[in-house]
Amino acid sequence: MLNPTHELCSIPMPDQYFGMDDYGKGTPRWCPGCGGHSILASVQRVCKDLQYPPEKTVCVSGIGCSSRFPHYMGTYGFHGLHGRAFPVACGIKFRRPDLNVFAITGDGDCCSIGAGHWVHAIRYNMKMVVLLFDNGIYGLTKKQTSPTSPMGTLSNTHPAGSVLPPINPIQTTLGLANVSFVAQTTDWNSAHLYATIRKAADHPGLAFVRIVQRCPVFMRDLYGDIATNKDELILLSHQNGIDLKPSALQSFKHILEHDPSNIHKAREHAETEDGIPIGLFYQNTSSPRYDLYGAHNRGMNTTDKKWALESLLDQYTIRNN
Amino acid sequence: MGDIKDIRELPQKKVIKPVKLDEHIIEIVSDSGEGAQKCGQSLGAISAKMGNGVWTVEIIPAEIQPPARSREGASGIRVRIGSKKVTNTGNYANLVIALNEQVIYGRLRQDAYDDQTVMFIENKWATHELDSIRQQYADAIDEFKALGIQVHEIPMETECLKLTPNPRKGKNMWVLGLLCYIYNRDVSKAEEQVQSIFRKKSQAIIEMNLRLLRAGYDWAERNIELHFEIPAMQVSSDQVVMNGNESLSLGIMAAGIELCSMYPITPATSVTHHLAEYFERVGGIVHQAEDEIAAIGFAIGASFAGKTAITVTSGPGLALKTEFLGLAVMAEIPLVIIDVQRGGPSTGLPTKVEQSDLLAAIYGEAGDAPKIVLAAATIEECFHFVILARKLAESFRTPVILLSDANLATGVQPFPRPKIDTEWFSAPIDQSPWKEDTKPFDWDPQTGLSKRPIPGQKGGMYTVTGLAHGPHGRVAYEPEINQNSAESRSRKIAAFQKTLKPPIIHGDAEGDLLLVGWGSTLGAIEEAVDRARNLDFKVSSLHLRFMFPIVPGLTEIFSRFKKVITVEINYSDQLGDPMITKENRRYAQLAWYLRAKTQFDIDCFSNVYGQPMNPGKVFQLIERELSEGTNNINS
Ligand SMILES: Cc1ncc(C[n+]2csc(CCOP(=O)(O)OP(=O)(O)O)c2C)c(N)n1
Ligand SMILES: [Mg+2]
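Which chain is which? The protein sequence lines are A and B, in order. Just so we're aligned, residue 12 is where the first sequence starts under the working numbering, counting upward by one. Just so we're aligned, residue 27 is where the second sequence starts under the working numbering, counting upward by one.
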């Protein structure tokens, strides 16, 4: 889409302006009321606001309802294997610093089958946005217990109620080596959702965002009337935190000042049982980044390569002429 | 071999005319950590530099630090030096240097020596302070002699103590000196070699080792009557000397691959050690992933983003990678996977050779997942096949598995120095705009081929998926689309097969027996076939490199022989076993595969002792099969 104001306006404008349409593709096949719809809209808006060229943007996912995400984006996409979004996303980014990468994963995908990769992706800290769609259940395979299902969840694998306490993804991620950005938001507070993904996109490293997501089909009771009930959410607020307009702030009953540079406090808040804390738990913009290491010697020219190889072969050579 | 019983009573230097030999097999065996391998590799390198054919292979215990003086702890090296090209480790050792007697038992169990073997053994154990050790030593010497081995007890420790307080670190260079005398090696080349091995060490250490080298040489000159000459070959071109894993590593670099994503596993890891040391100088990088699954996923990500990447592993790692391999087939992502095979199943024999991953490589994935499988047969091919594998991966938009094995991995052999060709390098990532109307899986109806868009290409945006998909790349639910896309993926492999030529037969094109092999057994099979043909046996052999798709012409070739037998290092049931019938028999992997492909009644000769195939065993097979009055080896 060409920018019609290009010749009329003195402010430098990009050659090509991307609108919301440029980031969409097809019709999402998620159930009505699924949190996926609003997350998709927020990501598309962030891409538009940052004017990410669609061809320079890659959405990578695993398998699950949530992992259908790339199919609905107008960017490049990689809908891979269950639990394996992280290795693929990291492999894409390693030698292509020019690409904007989103990794989309579900609670089973990230916290169960892909848990090993989760630990290491956090440690690699490569610049990308990770969105954990946490609906507390296995959606695609129809209601099996997930590692984040609250204890007692009635599911097809635990008809009498699940028997173990759930993994808390925020708490876990805050405990991992080289963690650099941890935030939590919900699918139903779209202002906060957008602002969180926007902040994540700016982060120089891996931004881990857990999105508390409703599954109206299998987990109808988990969040009940939460979208209208102001009691449950606790907003973590700070000048370095998620940037919310004052009008958006009004929708919160509980607001807690939290400095995202304080990892100890962040861990305390992550463990609270009083409600669902949302906001930026932790950010460190100077953690070592593996993508910078990966990109350091790209693009060597053919002549240099040939010369280097010949001199390497010299070390193994017995001259006979 | 002369009578050398009185060697210790001959203190004077004597001038002995060296006896000419066609070849000799030498072993140096010790506890691990005594430097036997360094000693043998040096002897190999010096000999290669003198123009000899050489093959060296390490003798590796499974543990890092096995207990001292244990039979399982046998560590060391075998060096085969010839006046012609040497292609395998050979049969029985002609000469063995033993640093203690227990490790020799380990090698005897592996059938390494016969009654022609000459042994030089460290004699310090004869006067050891412990009765038990003195006794073990004395018993062993008696046993070795009873087997017909000529045993010479020599004072290695005593001689080294004259130069160093710690002979454990240095005896190997003294032994190298001794061997240099016995085989009449060029001393200046030996000195260069010592300097090169210790180049990262202090001058004092270099000098100490040079002194030990000369001392070993002098001592041998005064005390040993064995003195041989193995004439050099006439080689006119420059040669490179390396093991198969170094060759793979150099192949990866010469292919222009820029990312190797791996997880450590014996015997594949040393490929990546070598790469890690040099890769960055040629614009590449090694990623050590958190596991094998992540390693291939990362490589697939990088390939998807434009540059075909490689992952290097062994059997257990290949097993873990299968789901991603299936995805790469389904999503048509070019990728190279190297499998340096070891003994299996499970953790198996990590340091030993086996060829048991053939069927796993071809058929290992769930679902129908056709891809290309190659097998290198020589150390030289390890280099060239990586370059080929990358090209095939990109041309046919597919993963390519390249099989090597533990025998090629550690074997060292000279081969003609490759001339680096910039055509081998992968092209820069295409970032030009994508042709609007070309779909991401625009399968050509004839060849099944299609061209893939790369992220960054404007207008090419599509989503890779492992779900069934049509030409647009979109998830498809229609049964026809699944059938059609499976056909397209299969067709492109068939299209590749059309470009292959029938394999070359070693020996006559018809006869009584055809041996068929693949991988590292090439040298041993051909050596045995040559020997048998000189004795007028009508035997030929054939060696396969393109495993899947299979080379054309096999049915026709097989029809010209009375019998076809595969020779492999993997498991098969023996027909003599009362439990085994022709019907329930489990055949060796290539035999099984070729039986299905050609419908010939192909037999197999295979075992899993973890040892490289040797020409003697193959020769016995030929003799048994073709001598009158004897039946099939398996019946
Ligand atoms: C290797 C493998 N194991 C199992 C599955 C089946 N499977 C697909 S999605 C899924 C769980 C999805 O749950 P979650 O990650 O929470 O995603 P959601 O559907 O809830 O978004 C499972 C078990 C699979 N596709 N692959
Ligand atoms: Mg879920």
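Any given hint could be a false lead.
Straight-line distance between alpha carbons at most 16 Å, and here's what the computed EDC-like set of lysine to aspartate or glutamate pairs gives [claimed, not checked]:
| no. | chain 1 | residue 1 | chain 2 | residue 2 |
| --- | --- | --- | --- | --- |
| 1 | A | K59 | A | D33 |
| 2 | B | K588 | B | E504 |
| 3 | B | K484 | A | D26 |
| 4 | A | K264 | A | E243 |
| 5 | B | K589 | B | E506 |
| 6 | A | K317 | A | D285 |
| 7 | A | K317 | B | E49 |
| 8 | B | K445 | A | E321 |
| 9 | B | K417 | B | E449 |
| 10 | A | K317 | B | E306 |
| 11 | B | K150 | B | D165 |
| 12 | B | K445 | A | D285 |
| 13 | A | K317 | B | E449 |
| 14 | B | K110 | B | D556 |
| 15 | B | K484 | A | E268 |
| 16 | B | K589 | B | D534 |
| 17 | A | K264 | A | D285 |
| 18 | A | K67 | B | D456 |
| 19 | B | K564 | B | D599 |
| 20 | B | K110 | B | E49 |
| 21 | B | K64 | B | E217 |
| 22 | B | K589 | B | E504 |
| 23 | B | K484 | B | E506 |
| 24 | B | K477 | B | E420 |
| 25 | B | K195 | B | E233 |
| 26 | B | K484 | A | E243 |
Since the hints were made in silico from the structure, they are not lab data.
Hints, verified against the model:
{"no.": "1", "hint": "A:K59 / A:D33", "verdict": "8 Å, holds"}
{"no.": "2", "hint": "B:K588 / B:E504", "verdict": "50 Å, violated"}
{"no.": "3", "hint": "B:K484 / A:D26", "verdict": "14 Å, holds"}
{"no.": "4", "hint": "A:K264 / A:E243", "verdict": "9 Å, holds"}
{"no.": "5", "hint": "B:K589 / B:E506", "verdict": "44 Å, violated"}
{"no.": "6", "hint": "A:K317 / A:D285", "verdict": "64 Å, violated"}
{"no.": "7", "hint": "A:K317 / B:E49", "verdict": "37 Å, violated"}
{"no.": "8", "hint": "B:K445 / A:E321", "verdict": "8 Å, holds"}
{"no.": "9", "hint": "B:K417 / B:E449", "verdict": "10 Å, holds"}
{"no.": "10", "hint": "A:K317 / B:E306", "verdict": "13 Å, holds"}
{"no.": "11", "hint": "B:K150 / B:D165", "verdict": "15 Å, holds"}
{"no.": "12", "hint": "B:K445 / A:D285", "verdict": "70 Å, violated"}
{"no.": "13", "hint": "A:K317 / B:E449", "verdict": "10 Å, holds"}
{"no.": "14", "hint": "B:K110 / B:D556", "verdict": "14 Å, holds"}
{"no.": "15", "hint": "B:K484 / A:E268", "verdict": "44 Å, violated"}
{"no.": "16", "hint": "B:K589 / B:D534", "verdict": "14 Å, holds"}
{"no.": "17", "hint": "A:K264 / A:D285", "verdict": "13 Å, holds"}
{"no.": "18", "hint": "A:K67 / B:D456", "verdict": "13 Å, holds"}
{"no.": "19", "hint": "B:K564 / B:D599", "verdict": "27 Å, violated"}
{"no.": "20", "hint": "B:K110 / B:E49", "verdict": "8 Å, holds"}
{"no.": "21", "hint": "B:K64 / B:E217", "verdict": "14 Å, holds"}
{"no.": "22", "hint": "B:K589 / B:E504", "verdict": "48 Å, violated"}
{"no.": "23", "hint": "B:K484 / B:E506", "verdict": "30 Å, violated"}
{"no.": "24", "hint": "B:K477 / B:E420", "verdict": "10 Å, holds"}
{"no.": "25", "hint": "B:K195 / B:E233", "verdict": "13 Å, holds"}
{"no.": "26", "hint": "B:K484 / A:E243", "verdict": "45 Å, violated"}
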